[in-house]
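*Asks:* One-letter residues, chain by chain:
There are 2 protein chains.
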Amino acid sequence: MFAVIMAGGSGTRFWPASRESVPKQFLRITSDRTMFEETLARVRLFAADDRIYSVVCSAHAELVRGLLSSNLPQTLTEPVGRNTAACIGLSAIHISRRDPDEPIAFLPADHFVADAECFARTINAAAEAARSGAIITLGIRPTRPETGYGYIEIGAEAGRARNEPYFRMERFVEKPDQATALGYLTGGRHLWNSGIFVLSARAILREFENCLPALAEGLREIESAIGRADYSEVLGRVYERIQSVSIDYGVMEKTSSPVFVFKADFGWSDVGSWQALYELRRADYDEQDNLLMGDAVAIGAKGNFVYAESERVVALLGVENLIVVDTPDAVLVARLDRSQDVKKFPEMLKARGRSDVA
Amino acid sequence: MFAVIMAGGSGTRFWPASRESVPKQFLRITSDRTMFEETLARVRLFAADDRIYSVVCSAHAELVRGLLSSNLPQTLTEPVGRNTAACIGLSAIHISRRDPDEPIAFLPADHFVADAECFARTINAAAEAARSGAIITLGIRPTRPETGYGYIEIGAEAGRARNEPYFRMERFVEKPDQATALGYLTGGRHLWNSGIFVLSARAILREFENCLPALAEGLREIESAIGRADYSEVLGRVYERIQSVSIDYGVMEKTSSPVFVFKADFGWSDVGSWQALYELRRADYDEQDNLLMGDAVAIGAKGNFVYAESERVVALLGVENLIVVDTPDAVLVARLDRSQDVKKFPEMLKARGRSDVA
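Protein chains in written order, with this note's numbering: chain Z, 1 to 358; chain R, 1 to 358.
Fair warning: there could be bad hints in the mix.
Unchecked claim - Once the Cα atoms are required to be at most 20 Å apart in a straight line, the calculated SDA-like pairs of lysine to any residue come out as:
1) R:Lys343 to Z:Gly300
2) R:Lys344 to Z:Lys344
3) R:Lys175 to R:Tyr249
4) R:Lys344 to Z:Ile299
5) R:Lys343 to Z:Asp295
6) R:Lys350 to Z:Asp295
7) R:Lys263 to R:Arg171
8) Z:Lys350 to R:Lys350
9) Z:Lys344 to Z:Asp295
10) R:Lys175 to R:Thr186
11) Z:Lys344 to Z:Glu20
12) R:Lys254 to R:Ala214
13) Z:Lys343 to R:Asp295
14) R:Lys350 to Z:Gln275
15) R:Lys344 to Z:Glu20
16) Z:Lys344 to R:Gly300
17) Z:Lys344 to R:Gln243
18) Z:Lys344 to R:Asp295
To be verified - Taking CB as the label site, the calculated pair distances span:
19) R:Ala48 to Z:Val22: 44 to 52 Å
20) R:Gly294 to Z:Asp289: 44 to 52 Å
21) R:Ala351 to Z:Gly188: 48 to 56 Å
Derived from the structure by calculation, the hints contain no laboratory data.
Where a beta carbon is used, it is the ideal one built from N, C-alpha and C, also for glycine.
Isolated chain Z, as found in the complex:
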């Protein structure tokens, strides 16, 4: 099977560690390796090196090359980020030329998975189901009443692959409120939307023709230029005009084809904020529940997260439940439970003429 690591994102939720020039998937936050490298290691459990692709923004191509000395996956570059539909489409037209019917696992480069073996088993089962041309997605069994994720509502069991049951998808559900999320947790019919899809190039390109015809047309134009001298020029021209839309919104919510869902249980997080990162690294807390990454000292401080990139010492005194991020040109001090608002700083700093730190 094929695998596509979608590494084109450029979030600002980990500012000031993440920047436009170094988005989250290139940070060493979940381990000593970047999230991109972690994802690649996971993918190699089920895909051969010559069948692994990554899609990155051209601005980060150099960065990716630096990370991957050998065993480089095929890297496709996008001139600008145009969300997941375009990213998936671009890789699909390239893979289609090699084998249009072989399943492809599309995986975000910036997710955390605790149990990589379990992850590989689920992907293999999903690939088996996708061989018939079906659209497969992975839904994560909720472990808490999370209001920060979208959900997938599932219906009856639709079949089995490698002894794993899969279910008919009823619909995508936007981020719920607390009461609704609690109902989902106990109801058993709602799973977190992982953003992980498994289907063949033929299947996804067919869906684009039906759901996103303008994108499909653009992809045909790029495809016809593959191997030609003007490929980059065509790519740039098409990316200039195509719509920025997610695969969830542009295809999965609109398609009339059936979508099938595997229930996944491999310890998953989209690591959407400093707080989410703090929570998933519980094993590294000190006795006062501080997570100290970097050179930090603490007196009477509890439940804090220090992420220090530089040689500088970070000293905490009497504070609780803070995230402190120290980088060479910016320092963040925030309440951990406000860390979803961190992305406001890059905007604010740009408006103040400090794009250098945004």
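Since the structure of chain Z is provided, determine the placement of chain R on it from the hints.
*Replies:* Chain R in isolation, oriented as in the chain Z frame:
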């Protein structure tokens, strides 16, 4: 009259901005000038340039020379800090050769004074009273039940100078508890000990003979070497052996001579912590009571104090009542009301082999 700026201190209460190499009096924390420069400007309101002395530790002599391009006060260096008694003694033996009976105002270099004109008037009145050979100190009228200061208990009015009454000192009182401090505030007989003294060289050297005979002997030895080639060597030898004691404890609490007190009202603070500094710079707060010194941005943050020395941006999100200090090699994040414990970090860091940031 003479003035002596006592700049030999080396506190760590403003770590990481203050270090052994750059103590508080050389920080620009109360204005755009260092506290040393502020003190010098204040002193020039009542003393002629050629009658102003400063006493600094030899480790800081270069730093002081850098601050004072012209109008340099006579600078006396101490090989090591030996507290206020030695500092006062050293300057007294030098000034004694010029005029043993002229009053000298001894002033710490690291105090804040809001009303410099009022300060100068009080010092002039104190000098008038000191011309008779008396020991004069300044007591600050308390404005809150402060438990962080020592107090002076005063008795009956003892006389007037330049129309200002002065009082007999009854005794020095150590830092009181909250209830006692509240009693002092309303009782009217207790003043904050300012650490500012006015008396002649003859008077203070006489007190040393009575109260600190070993120090007096050492001072005579240094005095005999003034102008000789071996002055530095003698100074070093004497400083090696003499006791480190404050003028309050070593002389003022022990003397059998009367001590007189002027009540002062010029808006005084010893600026003993980041919290004290935050409180006295109320005029510079933003609308959310943040005091932002340096390049800082805040979202939903209240009552914080950012002191950023570098070009780095400091971003605050949702936090309250913190002190954040950013320096090139260390960052402090502390609760403002715990800022008296900041001095623990240099010790802790030294113990961990990080003397470079202590």
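*Asks:* Take the hints in turn and mark each one as holding or not.
*Replies:* These are the hints, each one checked on the structure:
Taking the CA atoms of Lys343 of chain R and Gly300 of chain Z, the gap is about 14 Å. The hint holds against a cut of 20 Å. Taking the CA atoms of Lys344 of chain R and Lys344 of chain Z, the gap is near 35 Å; set against the 20 Å cutoff, the hint is violated. Distance check on the hinted pair: Lys175 of chain R and Tyr249 of chain R sit about 13 Å apart at the alpha-carbon level, within 20 Å; holds. A distance of roughly 9 Å separates the Cα atoms of Lys344 of chain R and Ile299 of chain Z; the hinted pair therefore holds under the 20 Å criterion.
Between Lys343 of chain R and Asp295 of chain Z, the direct Cα distance comes to roughly 18 Å. Compliance with the 20 Å bound is thereby established for this hinted pair. For the suggested pair Lys350 of chain R and Asp295 of chain Z, the alpha carbons sit about 14 Å apart, so the restraint of at most 20 Å is met. With a CA separation close to 15 Å, the supplied pair Lys263 of chain R and Arg171 of chain R stays within the 20 Å bound. Among the hinted pairs, Lys350 of chain Z with Lys350 of chain R is inconsistent with the structure: their alpha-carbon atoms are about 40 Å apart, more than 20 Å.
Distance hint between Lys344 of chain Z and Asp295 of chain Z is unfulfilled; the C-alpha atoms sit about 27 Å from each other, more than 20 Å. Distance check on the hinted pair: Lys175 of chain R and Thr186 of chain R sit about 16 Å apart at the alpha-carbon level, within 20 Å; holds. Between Lys344 of chain Z and Glu20 of chain Z the CA atoms are separated by roughly 14 Å; this keeps the pair inside 20 Å, and the hint holds. Restraint check: the Cα-Cα separation between Lys254 of chain R and Ala214 of chain R comes to about 15 Å, which is no more than 20 Å; the hinted pair holds.
About 18 Å separates the Cα atoms of Lys343 of chain Z and Asp295 of chain R, which keeps this hinted pair within 20 Å; it holds. Between Lys350 of chain R and Gln275 of chain Z the CA atoms are separated by roughly 32 Å; this puts the pair beyond 20 Å, and the hint is violated. For a cut-off of 20 Å, the pair hint linking Lys344 of chain R to Glu20 of chain Z is broken: about 39 Å separates their Cα positions. Between Lys344 of chain Z and Gly300 of chain R, the direct Cα distance comes to roughly 11 Å. Compliance with the 20 Å bound is thereby established for this hinted pair.
For the suggested pair Lys344 of chain Z and Gln243 of chain R, the alpha carbons sit about 57 Å apart, so the restraint of at most 20 Å is broken. For the hint linking Lys344 of chain Z to Asp295 of chain R, the alpha-carbon distance of about 17 Å falls within 20 Å, and the restraint holds. Against the hinted window of 44 to 52 Å, the Cβ-Cβ separation of Ala48 of chain R and Val22 of chain Z comes to about 60 Å, which falls outside the hint. Taking 44 to 52 Å as the suggested C-beta distance range, the pair Gly294 of chain R and Asp289 of chain Z does not conform, at roughly 30 Å.
The supplied range of 48 to 56 Å is met by Ala351 of chain R and Gly188 of chain Z, whose beta-carbon atoms lie about 55 Å from each other.
Hints 2, 8, 9, 14, 15, 17, 19, 20 from the earlier list are contradicted by this structure; the remaining hints agree with it.
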